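Following the hints, complete the assembly by docking chain B onto the known chain A.
Listed here are the chains, written in short residue letters.
Number of protein chains: 2
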Amino acid sequence: MAHRGDRDEVGERGEHREQSEPQEISPLTLNRLSFYLRCLRQLQELGKARISSQEMAQRYHLSATQIRKDLAQFGEFGIRGVGYQIDELAEHLDALLGLDRHHPMVIVGMGNLGSALARYVGFNHGAFQVVAGVDNDPRKIGKAVAGFTIRDATELADVVRASGALIGVLTVPSEAAQHYYDALADAGVRGVLNFATVRVKPRPGVPLKNVDLRINLEELAFFLKE
Amino acid sequence: MAHRGDRDEVGERGEHREQSEPQEISPLTLNRLSFYLRCLRQLQELGKARISSQEMAQRYHLSATQIRKDLAQFGEFGIRGVGYQIDELAEHLDALLGLDRHHPMVIVGMGNLGSALARYVGFNHGAFQVVAGVDNDPRKIGKAVAGFTIRDATELADVVRASGALIGVLTVPSEAAQHYYDALADAGVRGVLNFATVRVKPRPGVPLKNVDLRINLEELAFFLKE
Chain A
220 MAHRGDRDEV GERGEHREQS EPQEISPLTL NRLSFYLRCL RQLQELGKAR
270 ISSQEMAQRY HLSATQIRKD LAQFGEFGIR GVGYQIDELA EHLDALLGLD
320 RHHPMVIVGM GNLGSALARY VGFNHGAFQV VAGVDNDPRK IGKAVAGFTI
370 RDATELADVV RASGALIGVL TVPSEAAQHY YDALADAGVR GVLNFATVRV
420 KPRPGVPLKN VDLRINLEEL AFFLKE
Chain B
220 MAHRGDRDEV GERGEHREQS EPQEISPLTL NRLSFYLRCL RQLQELGKAR
270 ISSQEMAQRY HLSATQIRKD LAQFGEFGIR GVGYQIDELA EHLDALLGLD
320 RHHPMVIVGM GNLGSALARY VGFNHGAFQV VAGVDNDPRK IGKAVAGFTI
370 RDATELADVV RASGALIGVL TVPSEAAQHY YDALADAGVR GVLNFATVRV
420 KPRPGVPLKN VDLRINLEEL AFFLKE
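Order-wise, the sequence lines are chains A and B. Counting with our numbering, you get residues 220 to 445 for the letters of the first sequence. Counting with our numbering, you get residues 220 to 445 for the letters of the second sequence.
FYI, nobody ran anything at the bench for these hints, they're computed from the structure. Worth double-checking, as some hints may not be accurate.
Pairs involving identical chains hold if they fit within one copy or between any two copies, as the list cannot separate such chains.
With a straight-line cut-off of 25 Å between C-alpha atoms, the simulated DMTMM-like cross-links for lysine to aspartate or glutamate are [to be verified]:
no.	residue 1	residue 2
1	Lys-288	Glu-274
2	Lys-267	Asp-313
3	Lys-267	Asp-289
4	Lys-420	Asp-405
5	Lys-267	Glu-310
6	Lys-288	Glu-310
7	Lys-420	Glu-264
8	Lys-288	Asp-405
9	Lys-288	Glu-307
10	Lys-359	Asp-289
11	Lys-420	Asp-401
12	Lys-362	Glu-274
As the structure is a computational prediction, the values presented were derived from the model and not from experiment.
Isolated chain A (complex conformation) (with noise of 0.2 Å):
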């Protein structure tokens, strides 16, 4: 079903539903989860050890009962009374979240886009790093972006066996991206980061993200005044 209809956040989080691993989760579970991450960053940045759930529940608006049914079901973290310790519930989410290991991370199409992402702070900190960038333009393959010069895009395989990218992300035109996601399967990377505003069709093993930049003004415009 989910690969049915136009592209939207239902069919990019249906795909994933379909292919996720063993631990099965839903796609506002792993919201949840990542939002949780950022509250522990936060908490550890203020100094914090140990939060119970009600506390966290209230600093960040959220139902302690959710906490602790989303976190229970990953093993016990929090000691009733005392609360969860924060280092070792990050850590954990961290793990969880496939955030303790390395992803480095080819770009196919060095546009506006490709280029802002290759400087992106967000996609190069922690486990991220952009360290390829592919266009099929022949004014801006051997140009020097961010630290790695732009390939020819006939050369995909080759830039992902020698930078070891694990993770491409799609920024060309709509008519191309279930080209090039086809060939970033081909070349080996285990997952795709979408923006181009087209349904691709996943392969199994290769998991797909669409992202889409529109809901982020969809969730402003609620808070807009009339």
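Same frame as chain A, but now just chain B:
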């Protein structure tokens, strides 16, 4: 609390909450409502007229109880044994999320990211449209991009007035983000979407949403095979 600590989704969501309108709603609820709306739109495309919370839960891997609870807060939509009228519910969620209103937007910072967003489909259909862009680089000012001409950033107030922009999109270097948030607020925009990777202090009445593109990578990383 939400204003302390480094830039991350936590703080941003916290700000939203602090500034939220009379109808109090948690960031995770908002995220779910936005997700439900996407589900409903897909169901509309599939030609469905009604759906029960159970069927919706099953299709999209959600909790039927959660769906009923979330939607019940905003009025009575479901009919027991019949389900939700999809068009009616989608229309209500559209209105609730402010998507039935037109949101012209101005982009501040017409570099790679700003230029990409000016042409981005998701920022240019339905309720949203990029109508203007400014930069402080003389080489960019006067250039035509996606239906408008880049104006001088010092003329921002005039640009906002003349274009009727209601949302400002910040794609400036970190060090300039606060300055241009303030300039946008002074110019009368109703909300700001911030792509700069720095914490901006918002004013009451001009909600700020920080976009963290990294979260997409984190969500993808979870699904990568070892």
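Against the structure, the hints:
no.	hint	result
1	Lys-288 <-> Glu-274	both (15 Å within a copy, 23 Å between copies)
2	Lys-267 <-> Asp-313	within (18 Å within a copy, 40 Å between copies)
3	Lys-267 <-> Asp-289	within (21 Å within a copy, 33 Å between copies)
4	Lys-420 <-> Asp-405	within (14 Å within a copy, 45 Å between copies)
5	Lys-267 <-> Glu-310	within (15 Å within a copy, 44 Å between copies)
6	Lys-288 <-> Glu-310	within (18 Å within a copy, 33 Å between copies)
7	Lys-420 <-> Glu-264	between (41 Å within a copy, 18 Å between copies)
8	Lys-288 <-> Asp-405	neither (39 Å within a copy, 44 Å between copies)
9	Lys-288 <-> Glu-307	within (18 Å within a copy, 33 Å between copies)
10	Lys-359 <-> Asp-289	neither (46 Å within a copy, 49 Å between copies)
11	Lys-420 <-> Asp-401	within (9 Å within a copy, 43 Å between copies)
12	Lys-362 <-> Glu-274	neither (51 Å within a copy, 52 Å between copies)
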